[in-house]
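So the protein sequences, as listed, match chains A and B.
Under my numbering, think of the first position of the first sequence as 42, with each following residue one higher.
Under my numbering, think of the first position of the second sequence as 554, with each following residue one higher.
Note that these hints are calculated values from the structure, not bench results.
Ideal placement from N, C-alpha and C gives every residue a C-beta, glycine not left out.
You may find that some hints are simply not true.
[Claimed, not checked] Cβ-Cβ distance ranges computed for the label pairs, FRET-style:
| hint | chain 1 | residue 1 | chain 2 | residue 2 | range |
| --- | --- | --- | --- | --- | --- |
| 1 | B | Q623 | A | V42 | 41 to 49 angstroms |
| 2 | B | Q610 | A | W55 | 38 to 46 angstroms |
| 3 | A | F45 | B | Y613 | 47 to 55 angstroms |
| 4 | B | R651 | A | E118 | 24 to 32 angstroms |
| 5 | B | T589 | A | W55 | 27 to 35 angstroms |
| 6 | A | D104 | B | V594 | 19 to 27 angstroms |
| 7 | A | S103 | B | T589 | 23 to 31 angstroms |
[Said to hold, decoys possible] If the Cβ cut is set under 10 angstroms, some of the chain B residues that face chain A in the computed set are:
| hint | residue |
| --- | --- |
| 8 | P601 |
| 9 | R626 |
| 10 | S659 |
| 11 | T678 |
[Claimed, not checked] Covered, in the sense of this in silico footprint (three residues per stretch, anywhere, with C-beta under 8 angstroms from a C-beta of chain B), are these stretches of chain A:
| hint | segment |
| --- | --- |
| 12 | 66 to 72 |
| 13 | 83 to 91 |
| 14 | 110 to 118 |
What follows is each chain in one-letter form.
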Amino acid sequence: VNWFVEKVRRTTGWTSGQVTHTCVHIPHQNSDWKLLCQHGAGYARGSGDSGSPVFSRVNMQSDEVRLLGIHWGVNNELGVAWFSPMSGVKHDLGSMQTVAPVQTPPPSLTVAITSPVTDVVRPYAQCLYGASASHGAPPYSYAWSVDNFIVGSGDLYYHTAGGSNFLISMTVTDANNNMAAVARQMIVDHAAPECLDM
Amino acid sequence: MRQSKFLAFFVSASVALAGCKSPVVPLPYPEYELFTGFVTVIDLDRKPYPRILVEQQPHYLTHPFIDPLQHGRKTWFAIWPATVFEEERADGTVARFRFRDLKVGSRVRAWTGHNEIDTYPSQTTAARIRVVP
Numbered sequence: 042v043n044w045f046v047e048k049v050r051r052t053t054g055w056t057s058g059q060v061t062h063t064c065v066h067i068p069h070q071n072s073d074w075k076l077l078c079q080h081g082a083g084y085a086r087g088s089g090d091s092g093s094p095v096f097s098r099v100n101m102q103s104d105e106v107r108l109l110g111i112h113w114g115v116n117n118e119l120g121v122a123w124f125s126p127m128s129g130v131k132h133d134l135g136s137m138q139t140v141a142p143v144q145t146p147p148p149s150l151t152v153a154i155t156s157p158v159t160d161v162v163r164p165y166a167q168c169l170y171g172a173s174a175s176h177g178a179p180p181y182s183y184a185w186s187v188d189n190f191i192v193g194s195g196d197l198y199y200h201t202a203g204g205s206n207f208l209i210s211m212t213v214t215d216a217n218n219n220m221a222a223v224a225r226q227m228i229v230d231h232a233a234p235e236c237l238d239m
Numbered sequence: 554m555r556q557s558k559f560l561a562f563f564v565s566a567s568v569a570l571a572g573c574k575s576p577v578v579p580l581p582y583p584e585y586e587l588f589t590g591f592v593t594v595i596d597l598d599r600k601p602y603p604r605i606l607v608e609q610q611p612h613y614l615t616h617p618f619i620d621p622l623q624h625g626r627k628t629w630f631a632i633w634p635a636t637v638f639e640e641e642r643a644d645g646t647v648a649r650f651r652f653r654d655l656k657v658g659s660r661v662r663a664w665t666g667h668n669e670i671d672t673y674p675s676q677t678t679a680a681r682i683r684v685v686p
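Generate the whole structure from the sequences, applying the supplied hints.
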């Protein structure tokens with residue numbers, strides 16, 4: 042209830058409204074049957090709109106929508122438009138391509154070097170480098186490299202700078218052997234702030 | 554003696570009830586006036602209940618490009634045993650009317666007592682049909 046739904050069809054076009062009734066059993070016209078578990082909403086409709094797709098937006102910024110049901114009628118006294126939910130349609134007709142759930146790929150493994158906070162360090166300064174992996178399947182294994190030589194493991198690593206700039210990189214591997222890498226070009230400068238352990 | 558009188562009453566009452574017609578099934582919703590239009594079709598062969606087509610503007614044919622919002626409503630009304638028929642006379646009084654006396658071309662006010670199915674023409678059940686001048 043209160044979910045915002047929309048419909049498009051020949052008579053009243055594109056209209057929208059809030060869901061007001063869920064899973065109502067409605068007497069069928071001219072028989073003893075009942076339409077089981079129908080939903081009602083407040084969108085405008087008219088004669089000829091039967092069969093309209095009733096849908097909601099996956100998010101308001103995109104055109105991607107989720108098909109919720111099929112409009113078929115109205116209770117004029119209550120001002121409620123009725124639609125059959127797709128769950129009932131699938132129950133009667135079986136699974137359909139049109140209602141296949143959207144397969145959203147899981148977010149891929151990412152890693153970030155979170156410390157030090159600047160890319161500038163003093164010559165010969167020992168600094169704590171930290172990495173953080175996200176998404177993917179834990180547990181993660183971490184590997185640190187400096188100028189393409191592997192120098193350490195774990196999500197934290199102390200490195201003592203030399204007198205010249207260097208490239209520090211982190212490669213993370215998750216439980217499914219997915220890998221992600223990130224690198225930072227570090228500048229060695231006497232004017233750099235002191236390293237602070239984060 | 555008293556017991557036998559009671560038994561006789563019970564038996565006669567049971568026989569009388571058994572002889573009654575089954576009660577008229579009421580419509581599922583309170584009646585709600587839809588519109589006034591002209592009867593253009595009386596379909597007595599429709600099962601399980603006959604139906605009538607009522608059109609606001611009958612000169613517009615039922616066609617996919619006809620717009621109900623501009624060209625008037627067209628609705629099939631199923632006639633249930635519970636449907637009430639009335640006739641409004643010129644002096645404003647309303648009297649009972651019989652379905653069999655309804656004629657194509659009659660101007661009627663129509664009330665529904667059911668959901669309206671959004672086909673075109675739409676379909677619903679008549680709670681009340683009042684023939685008007």
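Taking the earlier hints as the rules, which of them does this structure contradict? 1, 2, 3, 6, 7 and 10
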